[in-house]
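Enquirer: Heads up: the sequence lines are chains A and B, in that order.
When you line the first sequence up against this note's numbering, it's residues 33 to 301, in that order.
When you line the second sequence up against this note's numbering, it's residues 4 to 347, in that order.
Keep in mind the hints are simulated off the structure, nothing from the lab.
For clarity, every value in this text was computed on a predicted model and none was experimentally measured.
The beta-carbon is built from N, C-alpha and C at its ideal position, and this holds for glycine as well.
Hints should not be assumed to be uniformly reliable.
Calculated pairs, DSS-like style, for lysine-lysine (alpha carbon to alpha carbon, straight line, at most 30 angstroms) [stated by the list, open to error]: (1) B:K346 to A:K224; (2) B:K33 to B:K206; (3) B:K141 to B:K206; (4) A:K51 to B:K345; (5) B:K141 to B:K35; (6) A:K221 to B:K206; (7) B:K206 to B:K346; (8) A:K224 to B:K206; (9) A:K221 to B:K141; (10) B:K346 to A:K51.
DEER-style ranges, computed between Cβ atoms [as the list claims (entries may be wrong)]: (11) A:L274 to B:K41: 39 to 47 angstroms; (12) B:L182 to A:G43: 31 to 39 angstroms; (13) B:K345 to A:T139: 19 to 27 angstroms; (14) B:P132 to A:T139: 56 to 64 angstroms; (15) B:R209 to A:E202: 18 to 26 angstroms; (16) B:G340 to A:Y216: 23 to 31 angstroms; (17) A:Q297 to B:L192: 54 to 62 angstroms; (18) A:E202 to B:N37: 28 to 36 angstroms; (19) B:G135 to A:D52: 21 to 29 angstroms; (20) B:R342 to A:V282: 20 to 28 angstroms.
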Amino acid sequence: MTFDEQYYNIGFIDQLSYKDTFVHRLDPRAKLIATLLFLFTVISFSKYEINALLPFFLYPVLLMSIGEIPLMFILRKVILVSPFALFIGVFNPLLDSTHVVIFSGLTISAGWLSFFSILLKFVLTVSTALLLIATTSFPGVCHGLRQLGLPSIFVSQLLFLYRYIFVLMEETMRIVRARNMRSYGKSGKGIKIFVRITGTLFIRTIERAERVYFAMLSRGFQGDMPSLKRFHIRTEDIIFTLSMIIFLYVFRFYPATEIIGRFVQGVLS
Amino acid sequence: MHMADALLSPAVGATMWAGSVAAIGYSSKKLKENIDNKTIPLMGVMGAFVFAAQMINFTIPVTGSSGHIGGGMLLAIILGPYAAFLAMASILTVQALFFADGGLLALGCNIWNLGIYPCFLVYPLIYRPIVGDGTSAKRISIAAIVSVIIALQLGAFSVVLETLLSGKSELPFSTFVLLMQPIHLAIGLVEGIATAGIIIYVKNARPELLEANLSFQPLDSGISLKNVLVVFVILAVVTGGALSWFASTHPDGLEWSIEKVTGKGELAEATQGVAPALKEIQERTAFLPDYGFKSAANEPSNENETPHWPGIEAGTSVSGIVGGSIVLMFILLIGFGIRLFKKQ
Numbered sequence: 033m034t035f036d037e038q039y040y041n042i043g044f045i046d047q048l049s050y051k052d053t054f055v056h057r058l059d060p061r062a063k064l065i066a067t068l069l070f071l072f073t074v075i076s077f078s079k080y081e082i083n084a085l086l087p088f089f090l091y092p093v094l095l096m097s098i099g100e101i102p103l104m105f106i107l108r109k110v111i112l113v114s115p116f117a118l119f120i121g122v123f124n125p126l127l128d129s130t131h132v133v134i135f136s137g138l139t140i141s142a143g144w145l146s147f148f149s150i151l152l153k154f155v156l157t158v159s160t161a162l163l164l165i166a167t168t169s170f171p172g173v174c175h176g177l178r179q180l181g182l183p184s185i186f187v188s189q190l191l192f193l194y195r196y197i198f199v200l201m202e203e204t205m206r207i208v209r210a211r212n213m214r215s216y217g218k219s220g221k222g223i224k225i226f227v228r229i230t231g232t233l234f235i236r237t238i239e240r241a242e243r244v245y246f247a248m249l250s251r252g253f254q255g256d257m258p259s260l261k262r263f264h265i266r267t268e269d270i271i272f273t274l275s276m277i278i279f280l281y282v283f284r285f286y287p288a289t290e291i292i293g294r295f296v297q298g299v300l301s
Numbered sequence: 004m005h006m007a008d009a010l011l012s013p014a015v016g017a018t019m020w021a022g023s024v025a026a027i028g029y030s031s032k033k034l035k036e037n038i039d040n041k042t043i044p045l046m047g048v049m050g051a052f053v054f055a056a057q058m059i060n061f062t063i064p065v066t067g068s069s070g071h072i073g074g075g076m077l078l079a080i081i082l083g084p085y086a087a088f089l090a091m092a093s094i095l096t097v098q099a100l101f102f103a104d105g106g107l108l109a110l111g112c113n114i115w116n117l118g119i120y121p122c123f124l125v126y127p128l129i130y131r132p133i134v135g136d137g138t139s140a141k142r143i144s145i146a147a148i149v150s151v152i153i154a155l156q157l158g159a160f161s162v163v164l165e166t167l168l169s170g171k172s173e174l175p176f177s178t179f180v181l182l183m184q185p186i187h188l189a190i191g192l193v194e195g196i197a198t199a200g201i202i203i204y205v206k207n208a209r210p211e212l213l214e215a216n217l218s219f220q221p222l223d224s225g226i227s228l229k230n231v232l233v234v235f236v237i238l239a240v241v242t243g244g245a246l247s248w249f250a251s252t253h254p255d256g257l258e259w260s261i262e263k264v265t266g267k268g269e270l271a272e273a274t275q276g277v278a279p280a281l282k283e284i285q286e287r288t289a290f291l292p293d294y295g296f297k298s299a300a301n302e303p304s305n306e307n308e309t310p311h312w313p314g315i316e317a318g319t320s321v322s323g324i325v326g327g328s329i330v331l332m333f334i335l336l337i338g339f340g341i342r343l344f345k346k347q
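Bound-form chain A, shown alone (with noise of 0.2 angstroms):
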């Protein structure tokens, strides 16, 4: 992925977190709360289980239907991160070679299983987190924070990044942009080359929180970032943390998919 993809990417998401839906309107706090418990949910489960999980898709399926965000740039992203998983999964199925028995006839080695097991659950983590950004906007989600209890210090410094990202990754593209046209294969791109830009780009950016600060300063800045915006809590958000505990609670504990397999063949046969 080249670096003016991915920072079309951190737009595109930051983006999306700006339309306004059921889903969007949300108290942050909510679709926090509820994103860390279906998280912890999912990877309660068993090393081996995978149709328990299953279920657990309604979840960001719902968000994503909901929210409009586009099924495609999260499936992108989610395969973009997956390497590290990938890999330490694909081991399973060496080492763990026990056989289970599907059904009569088929036979496969308990790795796998495990194996698909980490797929499932990475696709479940992952896409919720991405899904709970795209449907909340970076600034909701750490005044939520902020009122779960962070400390201020801590969520000024994330709202402080987020600002400048921006700012410094433009900057950036323009030098990595001017370095590549002056390179000429791979002459250039060195590690000293990459000192004294990187190094120029520290003073410039320590400059720049200088003159941030002054003008802070004179705007009357205290030492804290209060937010204009003030969020209530609404019945829609009571609903939906209830709802998400019910339908946690439900599929970790009783076997849905078990339960309807086994009535659509008993009407089967």
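Based on these hints, arrange chain B on the given structure of chain A.
Expert: Showing chain B alone in chain A's frame:
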């Protein structure tokens, strides 16, 4: 390397979260006491700088592949441990949210692996003693390279431990360590050279920037021995807690891992005192009492083969496949239905 959600168990994820959140709270408190408001915008902008610097890749000498810097050590050297830790934690949070790098539950692990080691262990215990008063360029280079390598080794080793304790991967300890540590030795060497280069460049161009940090936090008041001890105690409790969990699911897993880690089985005695107590706490506070692990532990286990089979038996799996496909179709239908409905 970032830890991933899918490889984590809830117990390990939660303990690492607890450790990292505690460190964030502690650093925030320390910063509030010691530092003027000027540091707040500086930290934020420096975080964005690390992001930007990660996107300038360079050719690694000899191999010809391309790399970029991680930045934890660089931040610690320039901002001091507390501010650097908060900046690093915020960088990892943004990476987890926007790039899904790692994941939200693994964020605790990642903050621990990439933030706590460089800022609270390596910076005060290795970088500062080597660098001395910060006037000699040679000492700065050596200090930076050594610190980056050690911080990365610690981080990589933690990834190994966290993955093994979670029990989702079948990789044996020794293989995993042999996979992770040498790669990170090479990465650490390159990143160390780059970090040293940047620090020396800054020292030549704007020496006052580095001196500000040096004079602001003199060696003795920066991090005291007491604080370092506190970190180690937290570390011990975290590993102890995670190990006890591991022990409760794999009957002889504890001895196995202790033996591999320390070379002898002594530690097992010490942890056995903690393990039952922790287990009781876990049972009392368990909001998901039916962890897959526990049911696995209750089954009578044969010695040598992997006996844990909570999920699938031959009879139930056919209905599982049928049911699974129906559930997935149903979910997809709901998704498409809402989309169609919205378009009208």
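Enquirer: Decide, hint by hint, whether the structure agrees.
Expert: Cross-check of the supplied hints:
no., hint, in the structure
1, B:K346 to A:K224, "violated (54 angstroms)"
2, B:K33 to B:K206, "holds (27 angstroms)"
3, B:K141 to B:K206, "holds (12 angstroms)"
4, A:K51 to B:K345, "holds (14 angstroms)"
5, B:K141 to B:K35, "violated (34 angstroms)"
6, A:K221 to B:K206, "holds (23 angstroms)"
7, B:K206 to B:K346, "violated (59 angstroms)"
8, A:K224 to B:K206, "holds (16 angstroms)"
9, A:K221 to B:K141, "holds (24 angstroms)"
10, B:K346 to A:K51, "holds (15 angstroms)"
11, A:L274 to B:K41: 39 to 47 angstroms, "holds (45 angstroms)"
12, B:L182 to A:G43: 31 to 39 angstroms, "holds (36 angstroms)"
13, B:K345 to A:T139: 19 to 27 angstroms, "violated (45 angstroms)"
14, B:P132 to A:T139: 56 to 64 angstroms, "holds (60 angstroms)"
15, B:R209 to A:E202: 18 to 26 angstroms, "holds (23 angstroms)"
16, B:G340 to A:Y216: 23 to 31 angstroms, "violated (55 angstroms)"
17, A:Q297 to B:L192: 54 to 62 angstroms, "holds (60 angstroms)"
18, A:E202 to B:N37: 28 to 36 angstroms, "holds (34 angstroms)"
19, B:G135 to A:D52: 21 to 29 angstroms, "violated (58 angstroms)"
20, B:R342 to A:V282: 20 to 28 angstroms, "holds (25 angstroms)"
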